[in-house]
Structures are given as structure tokens and as C-alpha cells.
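> The lines below spell out each chain.
There are 2 protein chains.
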Amino acid sequence: MTRNIKLTIAYNGTNFGGWQIQPNKISIQETIQDGLKKILKIDSIIVNASGRTDAGVHAEEQVANFIIENNSIPLEAFVKGLNSILPNDISIKSSEEVDLDFHSRKSAKRKWYQYIIYTDIVRSPFIDPFAWHINRPLNIDNMQKAANYLLGFHDFASFAASKNSSKTTTRTIFKAQFSTLENRVFFDIEGNGFLMKMVRNIIGTLVEVGLNRKSPEDIKSILESRNRSYAGATAPPQGLFLKKVYY
Amino acid sequence: MTRNIKLTIAYNGTNFGGWQIQPNKISIQETIQDGLKKILKIDSIIVNASGRTDAGVHAEEQVANFIIENNSIPLEAFVKGLNSILPNDISIKSSEEVDLDFHSRKSAKRKWYQYIIYTDIVRSPFIDPFAWHINRPLNIDNMQKAANYLLGFHDFASFAASKNSSKTTTRTIFKAQFSTLENRVFFDIEGNGFLMKMVRNIIGTLVEVGLNRKSPEDIKSILESRNRSYAGATAPPQGLFLKKVYY
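Residue numbers (our numbering), protein chains in the order written: chain A, 1 to 247; chain B, 1001 to 1247.
Since the hints were made in silico from the structure, they are not lab data.
Some hints could be false.
[What the hints assert, rightly or not] Simulated DEER-style distance windows between Cβ atoms: (1) Lys37(A) with Ser1215(B): 44 to 50 Å; (2) Arg1136(B) with Leu151(A): 43 to 49 Å; (3) Lys1145(B) with Gly152(A): 57 to 63 Å; (4) Asn1164(B) with Pro137(A): 34 to 40 Å; (5) Lys167(A) with Gln1177(B): 55 to 61 Å; (6) Leu1075(B) with Asp188(A): 21 to 27 Å; (7) Phe153(A) with Ser1179(B): 47 to 53 Å; (8) Pro137(A) with Gln1177(B): 54 to 60 Å; (9) Glu76(A) with Lys1109(B): 37 to 43 Å.
Here the structure is a predicted model, which is why all the values come from computation and not from measurement.
Beta carbons: idealized from backbone N, C-alpha and C, even for Gly.
Just need the whole structure built from these sequences, with the hints factored in.
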């Protein structure tokens, strides 16, 4: 019997070259595929994720799926079995049997990313692996005003990676919300999809607004320019979390 | 002029072989001494800490001091200057000029350690570097009852490392308190001093109480036995934080 297995996966991206298999770096995909090969006693398997997180980016609930012909292995083996083999920085949170037409990337309707910044004068070795340290206060009100221009359907070419390979650069953003807790700044963004490095390029630009180097209205002009060179630098990867994928 | 400089230091112990200089492993002491040599343009310096945290153990406020003859370097250079040289997993939180008779270890009156456990069924790659994962619930009430036997002046030989080098094994414990937040368990312990691996050996034993393998009263017998072999295994280092040193 052909089975389609959906996994929900958390990972600390610090020590990985990103989700996707690549030469010379350990990827999350390869690590999980190697684990599955051991459990299933097979030579090859492909695990597809909802998207390819970059090197250093984390996931609280990445979704991935794979097709197997094995009828005997129980679903729980993909949680307990894989977790016993995988390194501590990857954790399989759940496994589900899904319809054969489910595809973790193509079936995704909506994604939630969170970016974390902290603004202490001195960096913290405990927050540092999971946030971008900026040693000055940020004007969050202006950052929120700027973020509001991102809501809705837009061409996000200005915020795409230079080597962007997506067919179109238009996306719909449903939510772009800042919140704070003590010295931490959280940016929650939800959309029907994101271009390569899009969230980090948006954050890099919004931080320029927060440091009063750009005005909130500049974000509107940058969006309309469809020109990557007008936006800010790419924010570092360790502040970015893939929080949830909706189907 | 001879100056005595006191540093307050936070570090993520994950990638270090502990505080103390040792062959074949990068130590926090050596990393900070190397940084100071660059800043002060000198060939050698000794930085003494309040105690030697083990490999993998963290510190939120370790205290260390060193003597210099340099009269010109401003105190702030030991925060800004060192932080710009040190790796991200060490952070100098503050620097102070102190009396020449201040010694970070000998002058310490009291130390506060915290040990963190989390009891989710599935491990979390984000909590894992900073806590001990136990995939079953713990009987915290019994663990607290057991911990109460540690309060006061006792011979802690049962909880000392086998290669303990301290002159005496008696210490006074002022506080030994459990608290919880969702699936996290915090154990705060304060004493006038701690033997090598003492907190981790205590936690390893209290977890056996929490798993109902030992009774709270067993802790009293273990203490009185003054025999390491009666206590539990050493808890893993990544759950332990040196929180504060009092002078």
C-alpha cells in the first residue's frame, strides 16, 4: 500500500546549512532522510518540506511529507523512532497519515513566520542564538506604520533575493504585526507564500525605519520601485522562525 | 598604579570545555584572557573566577577579577572592548574597579545556582541547549520534600565528585526551592559554597525521587551516609546556570 506521511518538525537551525540538501553542508532534509532510511531499511527517500528555510533559520512547526510503500511500520515510529536517531537540534513533533494528493509545499495555503530582535545594550549569550541583537532602541511605532504598507496583494520584487527563482514575485500578506516584551521585539508576518529571503529583507528594511534612517512612507516607495537595491540589508538568519504552515 | 578589575560575565557553556584552562579544549578563562591580552597589549594575564563551572554549564553572572598595572585604560573598555573581541557566546555585562584585596573566589559569601528541567514528551530543539529533557512527569511535591533535607549545615560528601579536591565537604545551604512554569521545572539552590559537581549530583538524585524511584526520606539517609555511591547519577551540564555570586 502506498502511504503519504506528513511530519511536523521543529529545528534549531544554528548548525545546519538550511533545509535543502547541498554539498559540503549538513542540511536538515538530509539528516531526516538519513534517519528515515535507517528506520525503513531502504536506500533512498525524498522528504519534501513546505519551503526551504535558509542556513541558520529555525522552525517551530515545519511541515514535510514523504511517500512510502511500507505497510507494516506504525505511524508512531516516525516520532519515537526518528527522535531517537536524530540529533537534539531536530525534533519530530507529530506524524500523520494523509491523502496521497497532499504535498507539503503545493498544498500550503498560508505561512506564519516570526522574527525576533532584542535591543539590550549588551548582548546575551542565551538570546543570541535565537534573535538579532541591536544595541539601540527601535522606534516600534514607526516600524508598525511601515509594516502596514505590506498588507494585502503586492509585487514584492524589492524584497526578493537577487537569485530569486519564483515564477512570480506577487504575494498576499495577511498580517504584519509588531509586539514587544521587555527588550524583545517580535514581528509576526503571515502570507500566502514568501519569496526567498523575503522576511529577512523586509526586517532589514523595517529596522532602518526603527533606527530613523528611513520613514514609514519609504516602505511604500520601496515596494512600488520593485527594485531590490532600494530596500535594506538582509537581516541575520538566527532571528527567523517558521512558526506554522496552514493547509 | 596597580588596579583590581572585577568583571560580571554571562556565557553559554555549550561550546566550551568549562571555565578553567585545559589542554585540547577551548575554555572560557582562556578566551577572556586572550581578549584581555589583545586589549591591554600584554603577553600574560590571569583571570580568576568565583568558581570553575564544568564543561557545558552556563553562567548568567559569573564574577571574575584580574590585576593590572595599566593606568590609562578606561574601565568601560573591559565591557565594550572585550565584547567586540569575544565570541557571541560570552558577554561581559559590567566591569568595576575594586579593592586590591578583593578575590572573586575567596571573597564570595554565597552563590545562587539554578537547574532547569523540562518534561515534554517530545524534546524541544530550542529548550534543549538550556535544560535537561525528561520525557515523563515528575513528582515535584516529593522532590521539594527531599530538597528540604539539604537545608542548613551538612557534610555533602555523598554529592561530591569522586575527584573532589576541596579541603572539607561541609557546606551550608540557604535555599533549595522548586518552582514550575508550564512543562519547565526550576530548582534554585543557594549556599555558602558548592563542591565539584554537587548541584548536578543533587539534581540527579532528586530526579530519582521525582520519578518515584526513591522516597524523599532517602535523601536524608544518602546525606548521612557520606558515600557518593548512594546518590543518583550526575545530571547533564546544560541545565545548570550559575545565576549570581554574592560578596
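> Determine for every hint whether it applies to the structure shown.
Verification of the supplied hints:
Distance hint for Lys37(A) and Ser1215(B): a CB-CB separation of about 46 Å, consistent with the stated range 44 to 50 Å. Checked against the hint of 43 to 49 Å, the C-beta distance between Arg1136(B) and Leu151(A) comes to roughly 45 Å, which is consistent with it. The given range of 57 to 63 Å is respected by Lys1145(B) and Gly152(A), whose C-beta atoms sit roughly 59 Å from each other. In this structure, Asn1164(B) and Pro137(A) break the distance hint of 34 to 40 Å, their C-beta atoms being roughly 48 Å apart.
Judged by the Cβ atoms, the range 55 to 61 Å given for Lys167(A) and Gln1177(B) holds: they are separated by roughly 58 Å. For the hinted restraint 21 to 27 Å between Leu1075(B) and Asp188(A), the CB-CB distance of approximately 41 Å leaves it violated. For Phe153(A) paired with Ser1179(B), a C-beta distance near 48 Å keeps the hint of 47 to 53 Å intact. For the hinted restraint 54 to 60 Å between Pro137(A) and Gln1177(B), the CB-CB distance of approximately 35 Å leaves it violated.
Glu76(A) and Lys1109(B) have their C-beta atoms about 52 Å apart, which leaves the hinted 37 to 43 Å range violated.
In the structure shown, a violation is registered for the earlier hints numbered 4, 6, 8 and 9, in ascending order.
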